[in-house]
Amino acid sequence: MPWDEGLVNSLVYDKPDPSEGRVVSYVQAVNEALALALDSDPEVFVLGQGVDDPTAMFGTTKGLQSKFGSHRVFDTPLSEEAMMGVSAGAAMNGMRPVYMHNRPDFVLLAFNQLVTHAAKFHFMDNGQTTVPMVVWAAIGRGWGSGAQHSQAIHGMLLGVPGLKIVMPSTPYDAKGLLLSAILDNNPVCLFEHRWLMKKDGVVPEGFYRVPIGKGIYRRRGGDVTIVGASHAIELGMQAATQLAGEGIEADVIDLRTVKPIDEQIVLESLHNTGRLVVVDTAWMKGGLCAEIGCLAAEKGFPDLKAPVVRIGLPDVPAPAGFTLEQFYYPDAARIASAVRGLVRS
Amino acid sequence: MPWDEGLVNSLVYDKPDPSEGRVVSYVQAVNEALALALDSDPEVFVLGQGVDDPTAMFGTTKGLQSKFGSHRVFDTPLSEEAMMGVSAGAAMNGMRPVYMHNRPDFVLLAFNQLVTHAAKFHFMDNGQTTVPMVVWAAIGRGWGSGAQHSQAIHGMLLGVPGLKIVMPSTPYDAKGLLLSAILDNNPVCLFEHRWLMKKDGVVPEGFYRVPIGKGIYRRRGGDVTIVGASHAIELGMQAATQLAGEGIEADVIDLRTVKPIDEQIVLESLHNTGRLVVVDTAWMKGGLCAEIGCLAAEKGFPDLKAPVVRIGLPDVPAPAGFTLEQFYYPDAARIASAVRGLVRS
Amino acid sequence: MASNIRYPYKGQGDQGFDVFAGAHAPDALVGLYRAMLRIRLIEEEIERRYHQDQMKTPIHLVIGQEAAAVGCCSALRLSDLVYSSHRTHGAYLAKGGDLKMMLSEMHCRINGCVGSRGGSMHLIDKAVGMAGTSAIVGGVVPIAVGAALAIQMKREDRVVVVFIGDATTEEGVMAESLNFSALKKVPIVFFCENNFYSVQSPLATRQPARDIRAWAESHRMPALSVDGVNVLAVRDTVSKAVAHARAGRGPTFIEVPVYRFRAHGGAGDDSKTGYRDVAERAAWEAVDPLLLFRQFLARTAQLTDASVMHMEAEIASEIAGAFEHALASPNPTEADLYRHVYAD
Amino acid sequence: MASNIRYPYKGQGDQGFDVFAGAHAPDALVGLYRAMLRIRLIEEEIERRYHQDQMKTPIHLVIGQEAAAVGCCSALRLSDLVYSSHRTHGAYLAKGGDLKMMLSEMHCRINGCVGSRGGSMHLIDKAVGMAGTSAIVGGVVPIAVGAALAIQMKREDRVVVVFIGDATTEEGVMAESLNFSALKKVPIVFFCENNFYSVQSPLATRQPARDIRAWAESHRMPALSVDGVNVLAVRDTVSKAVAHARAGRGPTFIEVPVYRFRAHGGAGDDSKTGYRDVAERAAWEAVDPLLLFRQFLARTAQLTDASVMHMEAEIASEIAGAFEHALASPNPTEADLYRHVYAD
Ligand SMILES: Cc1ncc(C[n+]2csc(CCOP(=O)(O)OP(=O)(O)O)c2C)c(N)n1
Ligand SMILES: Cc1ncc(C[n+]2csc(CCOP(=O)(O)OP(=O)(O)O)c2C)c(N)n1
Ligand SMILES: [Mg+2]
Ligand SMILES: [Mg+2]
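Residue numbers (the numbering used here), protein chains in the order written: chain A, 1 to 345; chain D, 346 to 690; chain B, 691 to 1034; chain H, 1035 to 1378.
Check before you lean on any hint, since a few could be wrong.
[Unchecked claim] Part of the chain D face toward chain B, derived, beta carbon under 8 Å: (1) Asn457; (2) His467; (3) Ser682.
It should be emphasised that the hints constitute simulated quantities derived from the structure, not laboratory data. Ideal placement from N, C-alpha and C gives every residue a C-beta, glycine not left out.
The whole structure should be built from the sequences, with the hints applied where relevant.
Written out as structure tokens, the structure is:
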């Protein structure tokens, strides 16, 4: 019963078409990926605060401990830095830990281990060791999460060599990217978004992977390129649908992986549209928006017909209050209006 | 006797012109700023590992403890996270701590306190508290510093609301920015660079401030804009001098502050030159290079005549070995050649 | 079933009050009871209304832990400082925080104690010494130590108390903070409410069977343990620690076993989900700090049912008024969002 | 002047060997001496050449601390794992690391043990169980615990030893690591070389007068203290801790008072700068671990001056050869820089 459960439950998403396959919830998709990985590989284990409690990490770890045992799915002390190091050390010695966090904010306590150790060990010891671990965390938003419980930190990590970062936007990707992350031989951060957790989607039953490092078009259109990942894609698609009604057609690119970025797909789209809007769930300064915007100016310059637009959080900490939250977070309308401005200029 | 002392001593810099004023070393400039601040304000105190030992934080804290007492200049336990919080707590209660680190790498242990506490408290408590503290750290480079002792982390912090970041490139700025940082009512990170520490410069004796948030032209020229801060300016100026010999004139902008960035000066220069090279001492991805590059595409687009070029570290951890270091770090020649490419295209 | 009680109560129940009562005037004792009752009734009203979704804020109720907050803060002066973790309500109210400002904050109104920026986890009011809170477990601890250092450097006659939970002792920063405060002998009291759980994780999955008190003491400071359902014992123990700190003798760690009767967060109890036995909660409810103290005060003829009813009515009307105030208060505007990012 | 000796030696000097010697064959004892001597001579040669600037790497010499490294690693099997902080030379060599690969690494050559990526602080060779190091104080500790967890999960018959210093105990992650390893009873030994200093900061400016051993023990694990100049005592104590771990009984903390005769980093001693008294170093030099053990071996007729001279000559020639090898080795190329950023 996390306090924002009600809020997330109340969100309304388009229903997937069951004729396209089995429909499951986002949470179940994550749960399936964990169960499959635990089942197929004795090296995989899952740890994190409360992964074995009744709320089961938003439901994603439900049933795993009783199925796979308390040595493979276990609770941890409130010791984020040590547990990150423990995960790295286990990974360096033949295991594949999946370390789960309620909030990315808590990962900040472990930046020394993540950034200066896990990400660099394979390089530092000349490839003697690999560090196959997954750091999973769910970005909070709404219901008073506030400045210390809603930080989207992927932007801070874009410059960290050796790290991979994936941010799924659909149940299909949530499962496929998590499986890829677990099988990857590098530390991979997987940032979920709380607001996607009650989304349903078509998800194959068995094992499959979504490749790390490859983006995907969620929609094609020649007028503008909207780029993002995770919940930003939800907003981007809403905006694109609105705009289509006005005769403006957008490419919507879901990066899926924000490090390393699939530069090719962004540049390809930009080549067709000449216009770029970058949408992110995090701050606009110095993060994913900046990286993609700079990429356009650096490698897509000849194609660029209009200024790059960033849509994300202002340079302000997240407020807790409901009214302030409404002013703080961008929505589809803001994206649509930015696109209109670009296309009509 | 830090192990890279010899290396830093061997670096050769242009000598300042003594007719322009009193010449002192970079280290002495920092020392003077600390002494002035301690002397003029009983709320100021200086803490950090070894600030009172014979090496005196590269010499910057020399003599301070004997002059101002061990209650105002003191050594700390090896507890970076707690000491960052202690600094914040003292700052919230009427003091002005200057917390010094040998390396920015050690600040990563305290990101939770810096990012999620110090930077946000003034916002979170609705302005009841201010957090006037300085986090000082010197970026390492060379002599085998390696992956864990040479990280330039300012790029990770650009998206953190509430934080200010300054990066002086001259003895004059080192003193003036440190004094501004100490007098600022916000948490300010001041990142020095080890390779600047034996540079001499003209530095006024008494109290003065270099404003936070304002960049400065180090050189004017209409063909290209080179932007950076700290040691990147040293390289940028060397490159600009070379290029001038070839008839290419560069604006060199020293940002001095990398958060909040003086966007005006960058855009103004870009308006004149139409070409932008961003140079940084950190990784090129997702950091200062990305931010400035995106700024150009976003707000300077009409002026941009050529692709933005970033010059910084590749997406690789810092190697320890000397030969590898030479391949790793960019130099003036690389900047100059990038500029030539831009201007001639 | 006693066998399902993982963390039994080990105190002396209502017999535990007698040794302390003599030191207090009857009025003061009744005042302590009233302060606890007020917190209980406020929490219950918040809980009752929470499902209406007008308080769009996470809540961490202190029902069951009132004696700790009240006993502790009653040993402090207005000028002393309290820092707290996420579970703020008890400390805020006991330290003298304004109920209207608290409820406005929880209703996300501009006149909330932190202007709708913080919500329930950030009840802060420097005017009464409720100096800071953090939603990050352990995050506020070194900040509180820093406050104590500032007090020491400025030679002020104040002490700091930081409210933490049992799980907070697992955060590395806690050990670092104990070490530094013992080294510098700063005037601080670490007030550790051990309710045996971190969210739904029992102590046993997070720590070996170590003695928290002995662990704290190994950092070279006095460490005490006190029955957290006994408001007088808490007050007495904190008073000693505060006197120690005021005398310049440094920090004290106090372990305070308590029990929360509700879920970690939100309204209602969640014991039925199975992470703790309902019997465990029930056993602790039998030593409800309000019940015990009322029994003692009744036994010693210091409180009648009638006076309790009178109190309840008074408090209920205060609470109703404060909710009305909050609900009638204005929302923040967009411009408010951009204030106080940087200080001038 | 004894009064300037802040951290006096408290052991039994060469009398301390007798109780342990009986358990070892004479050959084994001489072997231990030789291992210590080899490390000493290697360190001295590194020191002698350091000013030539051919080893472009920070160094943290272990001169004075050889008995700790040798005593500890002699209690381990090849398959056991050692993790270490920045002061790596002793552990690397004692665990069986290759001298040529070490010196190549320190000369930044491609055939260094980590291909010139790490330098002196990252002497790693998984083939001999030198499993990982970190230049961040405390950084390697939870990683070592994770290695022990992996061993436990895979039911391997191995133990982990992590080499740390006194200052490492001030890092929060250390307390977190003790708690977790005690909770899970993973097979690890925390081997804490207490040399009383962190760079030039004495223990007293960083910790109150706490007992490191008792502090560790409060996390609910056995904690022992052993004379760090006595190679046999160290070996014996580590053997016990290792047996405890192998038996599945969990972690042990060992405090090992030692003294470093040189500066924290670089070549030469820096006592004259004043952060510690030269008399303190001199007093410890009187209980130089090599000197004492040699005295004992001589006294018990197990080692002659001639055999020491023979050893020295042998070792000197090995060292000379290894330096030659390093100096003749190739530098990395630009392409090498881009290898091993990501694993396949
Ligand atoms: C660093 C960090 N990790 C995890 C959390 C999630 N969390 C919030 S409250 C809480 C429980 C803390 O337990 P304790 O300190 O015993 O306090 P209690 O809630 O029992 O009063 C947890 C784990 C957090 N807020 N911060
Ligand atoms: C987190 C961190 N803080 C500071 C440093 C700088 N530093 C390097 S070695 C060292 C001394 C550590 O002392 P100790 O653990 O006692 O080991 P010793 O050097 O005495 O062997 C310090 C402070 C560091 N490397 N990492
Ligand atoms: Mg608790
Ligand atoms: Mg030491």
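Which of the listed hints are broken here?
-> Per hint list: single violation, 3.
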